[in-house]
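Participant: Chain order of the listed sequences is A and B.
1 is the number of the first residue of the first sequence in our numbering; add one for each residue after it.
284 is the number of the first residue of the second sequence in our numbering; add one for each residue after it.
Treat each hint with caution, since some may be false.
[What the hints assert, rightly or not] Taking beta-carbon pairs under 8 angstroms as the criterion, some of the chain A residues facing chain B (in silico):
{"#": "1", "residue": "Thr45"}
{"#": "2", "residue": "Ser111"}
{"#": "3", "residue": "Gly138"}
{"#": "4", "residue": "Gly245"}
{"#": "5", "residue": "Arg247"}
[Claimed, not checked] Computed list of lysine-lysine pairs in PhoX-like fashion (alpha-carbon distance at most 20 angstroms, straight line):
{"#": "6", "chain 1": "A", "residue 1": "Lys121", "chain 2": "B", "residue 2": "Lys320"}
{"#": "7", "chain 1": "A", "residue 1": "Lys47", "chain 2": "B", "residue 2": "Lys327"}
{"#": "8", "chain 1": "B", "residue 1": "Lys461", "chain 2": "A", "residue 2": "Lys179"}
Calculated directly from the structure, the hints in this document are not laboratory data.
The beta-carbon is built from N, C-alpha and C at its ideal position, and this holds for glycine as well.
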Amino acid sequence: MAKRTVQVSDITEKLADLCASASCELDDDLINGLEEGLRIEESPTGKQILEQILENARISRETKLPSCQDTGFAVVFLEIGQDACLEGGDLMEAVNEGVRRGYEQAYLRKSIVDDPAIDRKNTRDNTPAVVHTEIVKGDRVKITLAAKGGGSENMSGVAMLKPADGIEGVKRFVVDKVKQAGGNPCPPVIIGVGIGGTFEKCALLAKKALLRPLGSHHPDKRYAKLEKELLSEINASGVGPQGLGGRVTALGVQVETFPCHIASLPVAVNVNCHASRHKEAIV
Amino acid sequence: MKRISAPLTDSSVEDLRAGDEVLISGTIYTARDAAHKRLVELLKKGENLPFEIGGQIIYYAGPTPTRPGEIIGSAGPTTSYRMDPYAPLLIEHGLKGMIGKGQRTQPVLSAMKKFKAVYFAAVGGAGALISRAVKSSSIVAYEDLGPEAVRKLEVADFPAIVAQDCHGGDLFVEGVKKYSRSVL
């Protein structure tokens with residue numbers, strides 16, 4: 001098959017646009033989820049919080065002011081077609097330049113420090129991005145940006161369960177994690193769950209689960225059922241909007257799975273705040 | 284809905300109960316992780332803080348950059364527990380209020396009880412909405428920290444909820460208990 005040329009500068013431009021739009025144009029699936037949450041919330045305080053969140057989304061869309069001041073770590077997924085030929089420079093530099101431009105031009109917050117445990121000096125341009133690449137069929141490059149807030153990311157975790165723990169063990173870990181997080185990750189949250197693979201694979205599955213549209217289900221009916229059961233158990237916790245009590249703790253639970261070792265049952269929970277921001281483009 | 288003015292006094296703190304919805308007007312200061320580290324280092328060395336802390340409210344926030352012609356960027360609360368290692372000493376030195384999101388830990392709650400201070404929850408992720416309550420903003424310290432600089436804000440009708448009060452009232456505990464139906 002003939003190779004198709006993709007200029008890395010096109011990736012830079014697209015990514016800069018995605019950074020800007022992700023922060024102030026929350027997706028319709030999320031807005032619908034929040035409106036549904038407002039319908040079922042019983043707590044007066046919870047209702048008021050959900051109304052403020054919806055009003056905030058409207059203001060953000062109209063004024064292009066970021067919906068949340070934590071405009072996130074730029075997590076960039078690149079699905080690179082094996083017949084795409086990347087030209088025009090270093091791919092990683094092109095990605096970081098896209099993030100740099102997007103965050104600067106749209107007045108987004110720069111939230112990255114250069115060194116995690118010693119200097120912690122702000123890099124002032126929100127780079128570097130966290131980049132996950134995958135080689136896929138075809139001759140195009142699909143770019144997905146997830147702008148990930150720190151408060152919810154901090155509430156995430158991985159457990160290496162025993163196979164004997166089974167599906168009940170998975171449920172207990174996920175529900176406990178969300179209960180312990182309480183108001184910290186800005187509930188109502190969206191929960192990404194990765195089950196299977198290895199230590200790092202299940203964490204990545206959990207993050208990828210968050211990229212799916214809110215309300216979508218796992219193709220295997222048994223896991224789709226697990227998603228519903230987890231959502232109902234999490235919403236029975238009483239944590240509620242902002243952790244101040246209520247019915248709506250999560251808007252959705254999304255599970256991704258992968259085969260795993262005979263000795264293992266890895267589970268990862270990646271918590272996303274209600275400002276679930278992800279946008280994609282194809283070059 | 285209660286209207287309160289900042290800075291606070293002991294009696295205004297004592298009037299507030301977990302669950303009260305309030306609108307805050309007056310002067311407040313922003314500070315988050317890196318600024319707290321510096322403020323506490325100053326206190327431990329016996330030096331003065333860059334602002335008079337008696338009666339003040341600290342808002343745990345790091346706004347987005349201000350666009351030309353505007354007062355402030357998006358300015359919602361950040362998660363408060365990260366400031367818990369520093370908050371008791373600030374409360375001991377006269378801090379009366381904190382605005383953030385998420386529950387506080389026991390050492391902070393004990394200091395709030397002992398020295399009369401209150402913790403307000405603002406709606407996390409509502410930074411565009413909250414920014415409308417900010418009428419003026421100026422950096423008073425630590426400009427080198429970028430989004431973590433300490434800002435003095437004049438606010439009008441800043442919407443918040445009393446989450447944990449100085450009498451031991453705790454909406455995180457009471458609210459969750461009220462709506463919990465857990466079986467696991």
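Participant: If a hint holds in the structure, say so; if it does not, say that too.
Facilitator: How the hints compare with the structure:
no.: 1; hint: Thr45; verdict: 6 angstroms, holds
no.: 2; hint: Ser111; verdict: 7 angstroms, holds
no.: 3; hint: Gly138; verdict: 36 angstroms, violated
no.: 4; hint: Gly245; verdict: 2 angstroms, holds
no.: 5; hint: Arg247; verdict: 6 angstroms, holds
no.: 6; hint: A:Lys121 / B:Lys320; verdict: 14 angstroms, holds
no.: 7; hint: A:Lys47 / B:Lys327; verdict: 43 angstroms, violated
no.: 8; hint: B:Lys461 / A:Lys179; verdict: 15 angstroms, holds
Consistency with the previously given hints fails for numbers 3 and 7, ordered from lowest to highest.
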